[in-house]
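Dock chain F against the given chain P, drawing on the hints supplied.
2 protein chains.
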Amino acid sequence: MKVLALLPCILILLISPLRAADPLPSWQDTAPKHAIVAFVEKVTRPGSPDFVPVSERIATFDNDGTLWSEQPLYFQNFFIFSRIKALAPQHPEWTNQEPFSLVLKGDLNAAANCNLQGQLALIMATQAGLTVEEYQQAVTDWLATARHPQNGKLYTEMTFQPMLELLNYLRANGFKTYIVSGGGMDFIRPWAEKAYGIPPEQVIGTSIKTQFEMRDSKPVIMGLPAIDLVTDNVGKPVGIQTYIGRRPIASFGNSDGDLQMMQWTVAGSGPRFCLYVHHTDAVREWAYDRQSPIGHFEKGLDEALAKGWTVASMKDDWKIIYVADKK
Amino acid sequence: MKVLALLPCILILLISPLRAADPLPSWQDTAPKHAIVAFVEKVTRPGSPDFVPVSERIATFDNDGTLWSEQPLYFQNFFIFSRIKALAPQHPEWTNQEPFSLVLKGDLNAAANCNLQGQLALIMATQAGLTVEEYQQAVTDWLATARHPQNGKLYTEMTFQPMLELLNYLRANGFKTYIVSGGGMDFIRPWAEKAYGIPPEQVIGTSIKTQFEMRDSKPVIMGLPAIDLVTDNVGKPVGIQTYIGRRPIASFGNSDGDLQMMQWTVAGSGPRFCLYVHHTDAVREWAYDRQSPIGHFEKGLDEALAKGWTVASMKDDWKIIYVADKK
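Heads up: the sequence lines are chains P and F, in that order. In my numbering, each number is its position in the first sequence, counted from 1, plus 56. In my numbering, each number is its position in the second sequence, counted from 1, plus 56.
Be aware that one or more of the hints could be misleading.
Note that the list lumps identical chains together, so a pair holds whenever it fits in one copy or between two copies.
Unchecked claim - With a Cα cut of at most 25 Å, we get these calculated PhoX-like pairs of lysine-lysine:
#1 Lys141 <-> Lys265
#2 Lys274 <-> Lys363
#3 Lys232 <-> Lys250
#4 Lys232 <-> Lys98
#5 Lys209 <-> Lys383
#6 Lys274 <-> Lys355
#7 Lys375 <-> Lys209
#8 Lys382 <-> Lys371
#9 Lys250 <-> Lys209
In case anyone wonders, no lab produced these hints; they're calculated from the structure.
Here chain P stands alone, though its shape is the one from the complex (with noise of 0.2 Å):
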């Protein structure tokens, strides 16, 4: 068979959007999904006044609350927790310095919530020191076998089922999809692929400043005790400039801290699409919005249905949660 008679069909399967069997079975047949379909044909539409080449198709996903839950507390913080446990017998100082004492006396909730340089030196204390290798084994060996304290599941088992379809089929029209957390990037890296199919490079998150040194005649990239960049509300645009150097057309969040990124995407001219991730079932998952520190969600509300953008209810809209329920 000549191969260049394949390439029509070739060109035809890259570029038609993904009709035969229904690409978002988990997502109920409401408005969101109505309004994610939409979007997606009437950019991948050849000849559309709407069609982006494939090159532009770059999609933004906060990744706590957005792909996996973040309730009583982000997993990162179940991490960090296990580790300044571990690390405490070498820094006797921690039994009087917040917020390392929190962690200690188990007031993981005051740990959790004190203010941003307080968790940054949880985040130092535990990366810092490391190499990134070496970090990055040290989460993939705690999320092996770390249960969520509530319902006993793996944190893996605890990712979104109708956000993965999404995901999937956002990549079976051409997009590339990114994680930009307010998240650790390198606590997000390791399993993001396995997760969610995405690759680290497609993984930003806050990070850590990091050194080039020889260990043993070895190269290695050492963390150090200093915060390189927060990627959480102003600092997710840099992250996004920063690193991918495009506007997404695209953003998909859950809180007031995805809201400078979805003003970001919406900039830009030409189509563009953002749907918020609205936790309102206190039944499968956890119900809050306005009065929660964790996933606060109130200007970002506000100005999405100002705005018109579209605000997806787990309750009403999602009808199965977890990849670990799916049938």
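Frame of chain P; chain F shown alone:
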């Protein structure tokens, strides 16, 4: 035709090295070309003990001196000097302040070879206070008309044809090709996709800090007068780890500034490939190595020879030099 019936053919197309035509016609039939092809064939051959999955086929390229020329000064310096001259009326203090005064007096060699602090001061003076979009537009506008002071070519005509073929060959074999340059990230991003087929998200370079702000109710990313990351020497592996999060399996450079990138590359397990472009052609390009302040190539050359890395002589191994010279 059933779409599924095409799948085996598509897979073969995706994974086979290009064998039909010579993918590297501007390379002489000498050792460097043989080494490149042998490496690509072994890492892409299914069942080979050296097979590397597509997701791990990361190749990193220096820019100045590796993908385009860098003499008599880094081309970015010509851009910076033109901006300094344009901005000088607003900065009377520059008349007595090095390195600005050197530029204004026309002592471009001294200005270009000032210390790192001076170079960073020049970069910040020409980039801070502009939005990223404004800065990139200024680069685009300058490149459209500025010409090399010695040969009169547009700078983008001075990209290396053999390296362009190499980039295409690697990509046709499933590699993701990155630029990791000591030059400015936002100086290279506006034109790398057209010149090299490398999209902005695969251009890593020296960067200044930026911030998100609202200007006339419109979000912008504004350049700040502070360096973020210098991606030369030890900064190259740091940039690679930060932006890509995977170790390259192949690296390409031309100077000591690329040595740590190569050390980081070869320290991984499995097949690895490093190639140095050696500037040996005083007639068609320039000849320089151990004595040159720009593109200084001494430790890198010694280590390449000691370790058996590939060294390509522009004089002996390249049939033509510039994209502009291609018939």
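Outcome of the hint check:
Taking the closest pair of Cα atoms, Lys141 and Lys265 come within 25 Å of each other only inside a single copy of the chain (24 Å); across copies the shortest separation is 35 Å, beyond that limit. For the identical chains of this complex, Lys274 and Lys363 are inter-copy neighbours only, at 15 Å across copies versus 53 Å inside a copy, given an alpha-carbon limit of 25 Å. In the homo-oligomer, the alpha carbons of Lys232 and Lys250 lie at most 25 Å apart both inside one protomer (16 Å) and across protomers (19 Å), since each shortest distance falls under that limit. Taking the shortest alpha-carbon separations for Lys232 and Lys98, only the intra-copy value of 17 Å comes in at or below 25 Å, while the best inter-copy value is 28 Å.
Proximity of Lys209 and Lys383 under a CA criterion of 25 Å is satisfied intra-copy only: 16 Å inside one chain copy versus 63 Å between copies. For the homomeric pair Lys274 and Lys355, the shortest alpha-carbon distance between copies (17 Å) is at most 25 Å, but the shortest distance inside one copy (49 Å) is not. Within a single copy, Lys375 and Lys209 get their C-alpha atoms as close as 19 Å, which meets the 25 Å cut-off; across copies the closest is 61 Å, which misses it. In the homo-oligomer, the alpha carbons of Lys382 and Lys371 lie at most 25 Å apart inside one protomer (16 Å), although the nearest pairing across protomers, at 62 Å, exceeds that limit.
Taking CA atoms no more than 25 Å apart as the test, Lys250 paired with Lys209 passes inside one copy only; the shortest distance there is 17 Å, against 48 Å between copies.
Checked against the numbered hints listed earlier, the structure breaks none of them; every hint is satisfied.
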